[in-house]
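**Q** Protein chains in written order, with our numbering: chain U, 28 to 404; chain G, 4 to 355; chain C, 15 to 267.
No wet-lab data here; the hints were simulated from the structure. All C-beta atoms, glycine included, are put in the ideal place defined by N, C-alpha and C. Please note that a few of the clues may not be correct.
As the list claims (entries may be wrong) - Simulated pairs of lysine to any residue, SDA-like, Cα-Cα distance not exceeding 20 Å: (1) G:Lys-308 <-> G:Gln-331; (2) C:Lys-256 <-> C:Asn-63; (3) G:Lys-150 <-> U:Leu-252; (4) U:Lys-177 <-> G:Ala-240; (5) U:Lys-177 <-> G:Leu-339; (6) C:Lys-135 <-> U:Cys-370; (7) C:Lys-157 <-> U:Leu-379; (8) C:Lys-135 <-> C:Ala-156; (9) C:Lys-157 <-> C:Thr-119; (10) G:Lys-249 <-> G:Leu-339.
As the list claims (entries may be wrong) - Chain C is faced by these chain U residues, among others (derived, beta-carbon under 7 Å): (11) Arg-245; (12) Ala-258; (13) Gly-261; (14) Ala-265; (15) Met-267; (16) Ala-274; (17) Val-367; (18) Cys-370.
Below are the chains, spelled out letter by letter.
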Amino acid sequence: MNESPWKDRKEPAGEPTRRLTHGALERTGSDGQALRPAQPVRRRARAPELWLLAVSAVVAVLPLAVNNVNFHHVLIMFLIFASLGEAWNIITGLAGQTSFGHAAFFGIGAYAAAVAYFRHGISPWIGMAAGAVIATAVSAVVSYPVFRLKGHYFAIATLAVAEIIFQLFVSWSYVEGATGISIPVAAEGLATFQFHTSKLPYCYITLAAFVGTVLVFRRVEESRLGYYLRAIKGSEEAAMAMGINPARYKLYAMMISAFITSIFGSIYAQYILYIDPFMVFALAISMKIVLLTVLGGLGSVWGPVLGAAILIPLSEYTRILLGGTGKGIDLIVFGALIVVVACFQPQGIVGLMRSHGRRRAERGVSGDARRDATAVA
Amino acid sequence: MHEGCQNPATCPMGRVLSRRPGWGAVPECNTGNPATTGKGTKTNVPSLRGDPRRRRSPLVHVAVGAVGVVLQVLTSGLMMGFVYALVAVGLSIIWGVMDVINFAHGEFLMVSMYSAFWLYTLLRLDPLFSWPIEMAIVFALGYLTYKVIIRRVVDAPGLAALLATFGLSLVLRNLAQFLWTPNYRFLNETLVTDKRLILGPVVLGMPQIVAAIGSVVMTILVFYFVQRTRMGRAIQATSLDKDAAKLMGIDTEKVYAFTFGLGGACVGVAGALLSSFFPVHPESGALYSLLAFVIVALGGFGNIKGALQAGVIIGVAEALGGFYLGTQFKYAVVFLIYLLVMQVRPSGLFGW
Amino acid sequence: MDATDTRAANARPLLEVTGLTMRFGNLAANDNVTFNVHRGEIVALIGPNGAGKTTCFNCVSGFLRPTAGRVVFDGIDITGMRPYHICRLGLTRTFQIVKTLGDMTVEENVMTGAFLRAPGKREAREVAAEVLELTGLLDKRAKPGRSLTIAERKRLEIARALATRPKLLMLDEAMAGLNPTEIKGAMDLCLRLREAGLTLVVVEHIMEAIMPISDRVIVLSSGEKIAEGTPEEVAANEDVIKAYLGEKYHAAS
Numbered sequence: 028m029n030e031s032p033w034k035d036r037k038e039p040a041g042e043p044t045r046r047l048t049h050g051a052l053e054r055t056g057s058d059g060q061a062l063r064p065a066q067p068v069r070r071r072a073r074a075p076e077l078w079l080l081a082v083s084a085v086v087a088v089l090p091l092a093v094n095n096v097n098f099h100h101v102l103i104m105f106l107i108f109a110s111l112g113e114a115w116n117i118i119t120g121l122a123g124q125t126s127f128g129h130a131a132f133f134g135i136g137a138y139a140a141a142v143a144y145f146r147h148g149i150s151p152w153i154g155m156a157a158g159a160v161i162a163t164a165v166s167a168v169v170s171y172p173v174f175r176l177k178g179h180y181f182a183i184a185t186l187a188v189a190e191i192i193f194q195l196f197v198s199w200s201y202v203e204g205a206t207g208i209s210i211p212v213a214a215e216g217l218a219t220f221q222f223h224t225s226k227l228p229y230c231y232i233t234l235a236a237f238v239g240t241v242l243v244f245r246r247v248e249e250s251r252l253g254y255y256l257r258a259i260k261g262s263e264e265a266a267m268a269m270g271i272n273p274a275r276y277k278l279y280a281m282m283i284s285a286f287i288t289s290i291f292g293s294i295y296a297q298y299i300l301y302i303d304p305f306m307v308f309a310l311a312i313s314m315k316i317v318l319l320t321v322l323g324g325l326g327s328v329w330g331p332v333l334g335a336a337i338l339i340p341l342s343e344y345t346r347i348l349l350g351g352t353g354k355g356i357d358l359i360v361f362g363a364l365i366v367v368v369a370c371f372q373p374q375g376i377v378g379l380m381r382s383h384g385r386r387r388a389e390r391g392v393s394g395d396a397r398r399d400a401t402a403v404a
Numbered sequence: 004m005h006e007g008c009q010n011p012a013t014c015p016m017g018r019v020l021s022r023r024p025g026w027g028a029v030p031e032c033n034t035g036n037p038a039t040t041g042k043g044t045k046t047n048v049p050s051l052r053g054d055p056r057r058r059r060s061p062l063v064h065v066a067v068g069a070v071g072v073v074l075q076v077l078t079s080g081l082m083m084g085f086v087y088a089l090v091a092v093g094l095s096i097i098w099g100v101m102d103v104i105n106f107a108h109g110e111f112l113m114v115s116m117y118s119a120f121w122l123y124t125l126l127r128l129d130p131l132f133s134w135p136i137e138m139a140i141v142f143a144l145g146y147l148t149y150k151v152i153i154r155r156v157v158d159a160p161g162l163a164a165l166l167a168t169f170g171l172s173l174v175l176r177n178l179a180q181f182l183w184t185p186n187y188r189f190l191n192e193t194l195v196t197d198k199r200l201i202l203g204p205v206v207l208g209m210p211q212i213v214a215a216i217g218s219v220v221m222t223i224l225v226f227y228f229v230q231r232t233r234m235g236r237a238i239q240a241t242s243l244d245k246d247a248a249k250l251m252g253i254d255t256e257k258v259y260a261f262t263f264g265l266g267g268a269c270v271g272v273a274g275a276l277l278s279s280f281f282p283v284h285p286e287s288g289a290l291y292s293l294l295a296f297v298i299v300a301l302g303g304f305g306n307i308k309g310a311l312q313a314g315v316i317i318g319v320a321e322a323l324g325g326f327y328l329g330t331q332f333k334y335a336v337v338f339l340i341y342l343l344v345m346q347v348r349p350s351g352l353f354g355w
Numbered sequence: 015m016d017a018t019d020t021r022a023a024n025a026r027p028l029l030e031v032t033g034l035t036m037r038f039g040n041l042a043a044n045d046n047v048t049f050n051v052h053r054g055e056i057v058a059l060i061g062p063n064g065a066g067k068t069t070c071f072n073c074v075s076g077f078l079r080p081t082a083g084r085v086v087f088d089g090i091d092i093t094g095m096r097p098y099h100i101c102r103l104g105l106t107r108t109f110q111i112v113k114t115l116g117d118m119t120v121e122e123n124v125m126t127g128a129f130l131r132a133p134g135k136r137e138a139r140e141v142a143a144e145v146l147e148l149t150g151l152l153d154k155r156a157k158p159g160r161s162l163t164i165a166e167r168k169r170l171e172i173a174r175a176l177a178t179r180p181k182l183l184m185l186d187e188a189m190a191g192l193n194p195t196e197i198k199g200a201m202d203l204c205l206r207l208r209e210a211g212l213t214l215v216v217v218e219h220i221m222e223a224i225m226p227i228s229d230r231v232i233v234l235s236s237g238e239k240i241a242e243g244t245p246e247e248v249a250a251n252e253d254v255i256k257a258y259l260g261e262k263y264h265a266a267s
């Protein structure tokens, strides 16, 4: 008998459903022939983890191989922004909710670490943890009003929230308002999260956090939550018809995203050792996160990494090489490149590679797939 | 630093916004908005706070003064609101017709203001008369932007168009900085400079009056253009359904390019009007695009009437918020209002 | 909603719609519609364009909150409940305009639905394989949703709904736009689903497809229920013929 796999599985409690009994059914495939009971497709789900291992090994060796302060700086910024991109990718790439307000969570994290040490002499690590909790809480609170809005209205609302939080920090004397906080210099070490003689420790701490972030993204992507978020992105109505409460899962995605973003805010503050609202709450931060993820490939685990690998060295090196003149040549070049990329590779780098790969793999196999691949390209 | 400020030590906005990377300075102190700030207006504008003469006045005087102050704040807000509305109308048309957020909109405004500045400085052409030139310049800029950039991304999936316009905004802003330095520049001797109109307790700066009237007129013109002309109807049809419009024989490419130009023309006029009382610098458009986003969303995408009404709401809210809560909170108030209104009307005040 | 409740409710109809009214401003899209659906039935909901079929669907499945009336499903009052709660109770629907999740593969589309009851990914994948086989999409499972033809999309829509393991499935014009062979396939699928113990409510325009398979037919016109009965009864009903063909034509014939 064709025993249904549905029949012998335990139901989740509290959900009485009469099971379908497919035993009596005649099974016919689309070609009209009887089919054997289906075997689930096995997927190469572990591949990104192997890639991550490779990438992090390379990144771990690089700062030792190239012992140059500027290079270390670029590497740290790359890791920070790649991770911010991953965090943003959860809410925008997976769940399809374009947030222009991630600087708010970044700033909260930065201030939490700075204020903890500056005001109370508490370890920035505790500040980092507190900041992450606060950012998560803030994201949960603002999510309620913001997620009622759709599409562009949502995007503008996130921008509005970030601007309000920015304005509050500017006039809040507890965090030194617009003056900003210079984190008092402390003895070098992991406990104080300050390193003055070399940037290497920052490289490795950021690398560890980056690896953790990529793993979180993968975990989310491959889990039930990931499927739900992608369904919500595709169609909230379809999701609801499948028993998914969009508001709840968008909230989860936002909270995870805010948590990670805040942690990298803290790392950034400890690395730069000076913050003010204009640096960490700037729309420019939000936009940079958006840009590099879109550039790399929205919704893909490697999108933000590729995007950051291109955008961050570009912006940091143009700044180092051309920025000294104070004439903004670096940003002209940077902006022009963004325009060029947007015009000629709107799918992002990952999209480009994917459509090439697909075209190669399915050449001559199926008209559908070919049409699809060319449509993407 | 905050060059536009008359008194940097006491100007909160100078500290607040001038050093923001990305969105740059807001030359609050030279807005001439007499209720909140403004050079030389402190003495002749009644203020409830910090003015000892007021405190000594009899109760009646305080009451009359209070009404006057409120009127003053409201009218100033109203006048700025009209200008905001015109900027937002330009953004809204583009957004509504081709679903592209033009992040370079503020930079279009900045280009217009620089045009007005140079026309005045080099040719002594007053902004009051040179505005058609600015309008044409920014129309051309918008048209070209479409033809060169937006055309390639308008149908691309995801956020490509946003990426492109953001890149363009960086280029324009920094090009201005490269060519003309980040210094603030002023048009100090235009026909309307330092003139004012006194209506009872309300003092209105002539530049603001001209800007408000000009903005309303331009907004109405754009409205009737879209409603009545052949091109306007083509724009409407294209915004409803591009493919259907194409089948009806409308050259949608031309419509899109023209729409982008029209959006530019709106800020072209707004920039000319603003240049007579706002300092001109590379980041002078940044704040406007931020406010315009909010206004467009509040009014409903592509809705000109909505943008006008939302612009006025935002202008008044900004003025009231700035006056009662302090200038540092005025934008927080604006954004808060956006969030609150959207709770009641999630598709904007006048959206469907 | 515990086990005793469910057992007690077995005698009553699976779905009871009482006095359902939905107004949009002055327009009553549904006016006092009352009908029952019993377990194991295929009930067709038919009517001319604009009769309020889809509105009725939306009210029952929770996508619209009815202005008045009551919807009881499996003994539970679901009036005004959100769609995802209703789906959890075992009532789900497909959409007239298919909402294929184009970025996800066919299998992922269905797994998303299966996650409602499947405890893990492996189980979800098994459920997906099973319903894909049932709907004849198994060989397409690795394809992205957007690469499917319209007929395949309609089947995917059903597969996704089935993966949530509903007791009652509501199909909104699942056959519109299909060619005769595909319609035949869809009819067979409906019958197989009924055999499998599902209850179906089907909105359909294609009479040749719907009449042979349905146990009962409910006819809506201008938001009101004008007839109910077996396909034969309904086909012979004067009001129904009037509603479909118009007063004049009826009088002439």
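**Q** For each hint, tell me whether it holds in the structure or not.
**A** Okay, the hints, checked on the actual structure:
no. : hint                    : verdict
1   : G:Lys-308 <-> G:Gln-331 : violated, 30 Å
2   : C:Lys-256 <-> C:Asn-63  : holds, 14 Å
3   : G:Lys-150 <-> U:Leu-252 : violated, 42 Å
4   : U:Lys-177 <-> G:Ala-240 : violated, 24 Å
5   : U:Lys-177 <-> G:Leu-339 : holds, 18 Å
6   : C:Lys-135 <-> U:Cys-370 : violated, 39 Å
7   : C:Lys-157 <-> U:Leu-379 : holds, 18 Å
8   : C:Lys-135 <-> C:Ala-156 : holds, 16 Å
9   : C:Lys-157 <-> C:Thr-119 : holds, 5 Å
10  : G:Lys-249 <-> G:Leu-339 : violated, 41 Å
11  : Arg-245                 : violated, 13 Å
12  : Ala-258                 : holds, 5 Å
13  : Gly-261                 : holds, 3 Å
14  : Ala-265                 : holds, 4 Å
15  : Met-267                 : holds, 4 Å
16  : Ala-274                 : violated, 9 Å
17  : Val-367                 : violated, 26 Å
18  : Cys-370                 : violated, 23 Å
Checked against the numbered hints listed earlier, the structure breaks hints 1, 3, 4, 6, 10, 11, 16, 17 and 18; every other hint is satisfied.
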